[in-house]
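Chain order of the listed sequences is B and W.
The numbering of the first sequence is my numbering, which starts it at 31 and goes up by one.
The numbering of the second sequence is my numbering, which starts it at 823 and goes up by one.
Read the hints as simulated data drawn from the structure, not as lab findings.
Note that the structure is a prediction, hence the values are computed from the model and not measured.
From the three backbone atoms N, C-alpha and C, an ideal C-beta is built for every residue, glycine too.
Among the hints, erroneous ones may be present.
Straight-line Cα separation of at most 30 angstroms, DSS-like style, residue types lysine-lysine; simulated pairs [unchecked claim]:
| hint | chain 1 | residue 1 | chain 2 | residue 2 |
| --- | --- | --- | --- | --- |
| 1 | W | K969 | B | K47 |
| 2 | W | K851 | W | K969 |
| 3 | W | K851 | B | K47 |
Some residues of chain B that are not near chain W, with every Cβ distance over 12 angstroms (derived) [unchecked claim]:
| hint | residue |
| --- | --- |
| 4 | A45 |
| 5 | K48 |
| 6 | S49 |
| 7 | E83 |
| 8 | L92 |
| 9 | R94 |
With the C-beta cut set under 8 angstroms, the calculated list includes, among others, these residues of chain B facing chain W [stated by the list, open to error]:
| hint | residue |
| --- | --- |
| 10 | I35 |
| 11 | L38 |
| 12 | I43 |
| 13 | L50 |
| 14 | V60 |
| 15 | A67 |
| 16 | S72 |
| 17 | A87 |
| 18 | T99 |
| 19 | E116 |
| 20 | P137 |
The chain contents come next:
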Amino acid sequence: MSINIEKLAADLIDAAKKSLGTSFTSARTVAEPQLKALAALSGTIAQQVLEGELSEAEAEALLRIHINTTRIILLTVEGLGLLAVEAAVNSVIAVIRDTANSVVGFPMV
Amino acid sequence: MSGSNRSTHPARWVLALLLVALSASCTLKLVADYDEQIDLAATELQKGMDAHLTKLLSVPQAQRTFAASESFYLDYAVGLRSVKIRADGQPKNRASVGQYDAMLSSLETMRMLHRSQGNLGDGFLNTARDEFNLAWRAIIELEQAKKRGS
Numbered sequence: 031m032s033i034n035i036e037k038l039a040a041d042l043i044d045a046a047k048k049s050l051g052t053s054f055t056s057a058r059t060v061a062e063p064q065l066k067a068l069a070a071l072s073g074t075i076a077q078q079v080l081e082g083e084l085s086e087a088e089a090e091a092l093l094r095i096h097i098n099t100t101r102i103i104l105l106t107v108e109g110l111g112l113l114a115v116e117a118a119v120n121s122v123i124a125v126i127r128d129t130a131n132s133v134v135g136f137p138m139v
Numbered sequence: 823m824s825g826s827n828r829s830t831h832p833a834r835w836v837l838a839l840l841l842v843a844l845s846a847s848c849t850l851k852l853v854a855d856y857d858e859q860i861d862l863a864a865t866e867l868q869k870g871m872d873a874h875l876t877k878l879l880s881v882p883q884a885q886r887t888f889a890a891s892e893s894f895y896l897d898y899a900v901g902l903r904s905v906k907i908r909a910d911g912q913p914k915n916r917a918s919v920g921q922y923d924a925m926l927s928s929l930e931t932m933r934m935l936h937r938s939q940g941n942l943g944d945g946f947l948n949t950a951r952d953e954f955n956l957a958w959r960a961i962i963e964l965e966q967a968k969k970r971g972s
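Use the sequences and the hints to build the structure in full.
See below:
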């Protein structure tokens, strides 16, 4: 039985959306291709095991490496989400500064 | 008219000072600053792993001995730890530090497999190369995003 890569990719994206919330929404354009690539690699590993292309030890090792790759991708998604929040908040702060300067009539800040 | 101007000027100043205090103290920093050395190091480490795995794939399996790769594993781990230490020196860099920890773990997993099995098959090497490249892509994308500020 082979893995349905498209379904797996969709499930990974849904799971990331649910657990990361707004972080995922902000990082979507970067996150989705990476999660799709991750799904494809899951399928590759499964196929290799089925076809006997990997020893048992190699399959176990690849699975551990795959989990680490997943962790790395989710940390990128989280980081991108935080950067988006930082940029949004700081742009609001910039508006406040501009307002302050316009109230006093000169660039105080 | 002049009386009302005199009464609004202090209010304007109070408001302005409050706004300045708010904006001056509230610049938000959630993620570490971009570090060009980390960015360049990540690219070099990506190339290094890809090159090593590609070289292994280019020789017969019997020649892919652990002994021939042992110094690569040691040197690569040193490179990873070096960039991790640099990342750890930056405040708000938890995500990047976590990524380098995961990379060290993947490297060690591959090293232990190679040592116990003696050599590595084509199937493992091809997929491992894809895994490491995907992981490096994610790490480098985060670093590039810090440079853009988004």
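Output the numbers, in ascending order, of every earlier hint that fails for this structure. The structure breaks hints 7, 8, 9, 10, 11, 12, 13, 16 and 20; every other hint is satisfied.
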